[in-house]
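Trainee: Below, each chain spelled out in residue letters.
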Amino acid sequence: MGEVARTVEDRLRQEYFTLLPESRRVADRLEAEVRYHIRLISAGLRRHERVAVKCRVKSCESALEKLRAQQEGAAFDESRPEIYTLTGLNDLAGVRVLSFPRGRLADIDRKLRKVFHSWTADPVEDDGDVLALKYYGRCRTSDRVKGEYQVVSMLTGLFWEVEHSAIYKPDVELRGIDQNFGMRERTRDVAKALRAFEEYFEGLARQT
Amino acid sequence: MKIELRPLDKKQHILDEAGFAYNFDRRVYFNRKSKKIFSVAFLKDKRDEEIKHLIQVDTGDKEWKFYFTSEPPESVRRAVEASIG
Chain S
2 MGEVARTVED RLRQEYFTLL PESRRVADRL EAEVRYHIRL ISAGLRRHER VAVKCRVKSC
62 ESALEKLRAQ QEGAAFDESR PEIYTLTGLN DLAGVRVLSF PRGRLADIDR KLRKVFHSWT
122 ADPVEDDGDV LALKYYGRCR TSDRVKGEYQ VVSMLTGLFW EVEHSAIYKP DVELRGIDQN
182 FGMRERTRDV AKALRAFEEY FEGLARQT
Chain B
302 MKIELRPLDK KQHILDEAGF AYNFDRRVYF NRKSKKIFSV AFLKDKRDEE IKHLIQVDTG
362 DKEWKFYFTS EPPESVRRAV EASIG
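As given, the protein sequences belong to chains S and B, one line each in that order.
First residue of the first sequence: 2, per my numbering; consecutive thereafter.
First residue of the second sequence: 302, per my numbering; consecutive thereafter.
None of these hints come from the bench; they were simulated from the model.
What you are looking at is a predicted structure, and each value in this text was computed from that prediction instead of being measured.
Mixed in with the good hints there might be a few duds.
Cut-off 35 Å, straight-line C-alpha distance, at most; resulting in silico cross-link-like pairs (DSBU-like, lysine-lysine) [stated by the list, open to error]:
| hint | chain 1 | residue 1 | chain 2 | residue 2 |
| --- | --- | --- | --- | --- |
| 1 | B | Lys363 | B | Lys311 |
| 2 | S | Lys67 | S | Lys193 |
| 3 | S | Lys112 | S | Lys67 |
| 4 | B | Lys336 | B | Lys347 |
| 5 | S | Lys193 | S | Lys112 |
| 6 | B | Lys345 | B | Lys334 |
| 7 | B | Lys334 | S | Lys59 |
| 8 | S | Lys67 | B | Lys366 |
| 9 | B | Lys336 | S | Lys112 |
| 10 | B | Lys363 | B | Lys345 |
| 11 | B | Lys353 | S | Lys193 |
| 12 | B | Lys363 | S | Lys193 |
| 13 | B | Lys336 | B | Lys311 |
| 14 | S | Lys112 | B | Lys334 |
| 15 | S | Lys59 | B | Lys353 |
| 16 | B | Lys311 | B | Lys366 |
| 17 | S | Lys115 | S | Lys59 |
| 18 | S | Lys115 | B | Lys311 |
| 19 | B | Lys353 | B | Lys363 |
| 20 | S | Lys59 | B | Lys347 |
| 21 | S | Lys59 | S | Lys112 |
| 22 | S | Lys67 | B | Lys353 |
| 23 | S | Lys67 | B | Lys347 |
| 24 | S | Lys55 | S | Lys115 |
| 25 | S | Lys55 | S | Lys67 |
| 26 | B | Lys366 | B | Lys334 |
| 27 | B | Lys366 | B | Lys353 |
| 28 | B | Lys347 | S | Lys112 |
| 29 | B | Lys345 | S | Lys55 |
| 30 | S | Lys55 | B | Lys363 |
| 31 | B | Lys363 | S | Lys115 |
Computed beta-carbon distance windows for the label pairs [as the list claims (entries may be wrong)]:
| hint | chain 1 | residue 1 | chain 2 | residue 2 | range |
| --- | --- | --- | --- | --- | --- |
| 32 | S | Arg207 | B | Asp346 | 36 to 42 Å |
| 33 | S | Arg40 | B | Glu372 | 36 to 42 Å |
| 34 | B | Lys345 | S | Arg40 | 40 to 46 Å |
| 35 | S | Glu203 | B | Asp362 | 27 to 33 Å |
| 36 | S | Asp128 | B | Glu375 | 44 to 50 Å |
| 37 | S | Asp108 | B | Lys353 | 45 to 51 Å |
| 38 | B | Ala322 | S | Glu203 | 40 to 46 Å |
| 39 | B | Lys345 | S | Lys193 | 28 to 34 Å |
| 40 | S | His118 | B | Val358 | 46 to 52 Å |
We put the beta carbon where it would ideally sit given N, CA and C, even for glycine.
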């Protein structure tokens, strides 16, 4: 019986599960380090302030989807399967630090930057606005899986969660909707509104 | 009062006006009549005037014309064409 040709996706799924134990170790290590280094900030928050640390290992299908979306036309070149690898993704293991209001972001970023000084900065920007501070690099626990951490305003981070899990992920046919130019302009509106809300709130809170 | 469109809305408007539809799965704008496919990556850094010009050019092609940042491989062309039908 002849061998059935494996698709690029098949190969990547196999790679994903080979990397999974390492991805988990990187995520666990990164989360522990981040929590440890911002512990004094977390302990010193005022009553209305919040800092949350969320950790995740990217799911297999999300990892494949991310790599696929990075290709122009969102399709793999089936004639060259060897050029694709999930180790090229910066966020197989990731930690997100959420802060409300945004005034704490700079403190958290400064603290973590001292620890992860060799990591590469890759901020999430839109129209010149920095929406999130993002860094990727390697932990001691793996030389193949990169880790990523983000420092982002809580309102923006939670909006992204809703946007992705409620809108895009349940319906595969909608997964590229966020790249539509009109949709991006609406998303930009939300980011600006959330920022304005936080800045105004923070201004008033400072007066108390 | 004339409302000024914002940059991304302007691009969207140009494409809408020219009858281009957006394909979610492949992140491309396409027009079945003119047989043109623009990738989002290609359009991203193009000025509005350039986009208008490319839309207007008559390629006379019966085959799909791909406007990508680099020539797409055959298997990618097939996958995109299959998606847009």
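Trainee: Now tell me if each hint is right for this structure.
Mentor: Hint by hint, here is what the structure shows:
1. B/Lys363 x B/Lys311: Answer holds: B/Lys363 to B/Lys311 is near 29 Å, not above 35 Å.
2. S/Lys67 x S/Lys193: Cα-Cα ~26 Å, so holds.
3. S/Lys112 x S/Lys67: 30 Å, holds
4. B/Lys336 x B/Lys347: 20 Å, holds
5. S/Lys193 x S/Lys112: 26 Å, holds
6. B/Lys345 x B/Lys334: 23 Å, holds
7. B/Lys334 x S/Lys59: Not OK: B/Lys334 and S/Lys59 at ~40 Å, beyond 35 Å, violated.
8. S/Lys67 x B/Lys366: 26 Å, holds
9. B/Lys336 x S/Lys112: 53 Å, violated
10. B/Lys363 x B/Lys345: 26 Å, holds
11. B/Lys353 x S/Lys193: 29 Å, holds
12. B/Lys363 x S/Lys193: Measuring from Cα to Cα gives roughly 44 Å; hence the hint is violated.
13. B/Lys336 x B/Lys311: Roughly 22 Å between the alpha carbons, so the hint for B/Lys336 and B/Lys311 holds.
14. S/Lys112 x B/Lys334: 56 Å, violated
15. S/Lys59 x B/Lys353: 39 Å, violated
16. B/Lys311 x B/Lys366: 23 Å, holds
17. S/Lys115 x S/Lys59: Between S/Lys115 and S/Lys59 the Cα gap is close to 26 Å, so the pair holds against 35 Å.
18. S/Lys115 x B/Lys311: 42 Å, violated
19. B/Lys353 x B/Lys363: 21 Å, holds
20. S/Lys59 x B/Lys347: 33 Å, holds
21. S/Lys59 x S/Lys112: 25 Å, holds
22. S/Lys67 x B/Lys353: 30 Å, holds
23. S/Lys67 x B/Lys347: 24 Å, holds
24. S/Lys55 x S/Lys115: 20 Å, holds
25. S/Lys55 x S/Lys67: 20 Å, holds
26. B/Lys366 x B/Lys334: 11 Å, holds
27. B/Lys366 x B/Lys353: 16 Å, holds
28. B/Lys347 x S/Lys112: Between B/Lys347 and S/Lys112 the Cα gap is close to 39 Å, so the pair fails against 35 Å, i.e. violated.
29. B/Lys345 x S/Lys55: 32 Å, holds
30. S/Lys55 x B/Lys363: 51 Å, violated
31. B/Lys363 x S/Lys115: 58 Å, violated
32. S/Arg207 x B/Asp346: 36 to 42 Å: 40 Å, holds
33. S/Arg40 x B/Glu372: 36 to 42 Å: 52 Å, violated
34. B/Lys345 x S/Arg40: 40 to 46 Å: Between B/Lys345 and S/Arg40, where Cβ atoms are some 41 Å apart, the hint holds.
35. S/Glu203 x B/Asp362: 27 to 33 Å: 56 Å, violated
36. S/Asp128 x B/Glu375: 44 to 50 Å: This hint is violated: roughly 36 Å between Cβ atoms.
37. S/Asp108 x B/Lys353: 45 to 51 Å: 47 Å, holds
38. B/Ala322 x S/Glu203: 40 to 46 Å: 43 Å, holds
39. B/Lys345 x S/Lys193: 28 to 34 Å: Once the Cβ atoms are compared, 20 Å apart, the range 28 to 34 Å for S/Lys193 and B/Lys345 is violated.
40. S/His118 x B/Val358: 46 to 52 Å: Holds, at about 50 Å.
This entry does not satisfy hints 7, 9, 12, 14, 15, 18, 28, 30, 31, 33, 35, 36 and 39, going by the numbered hints stated previously.
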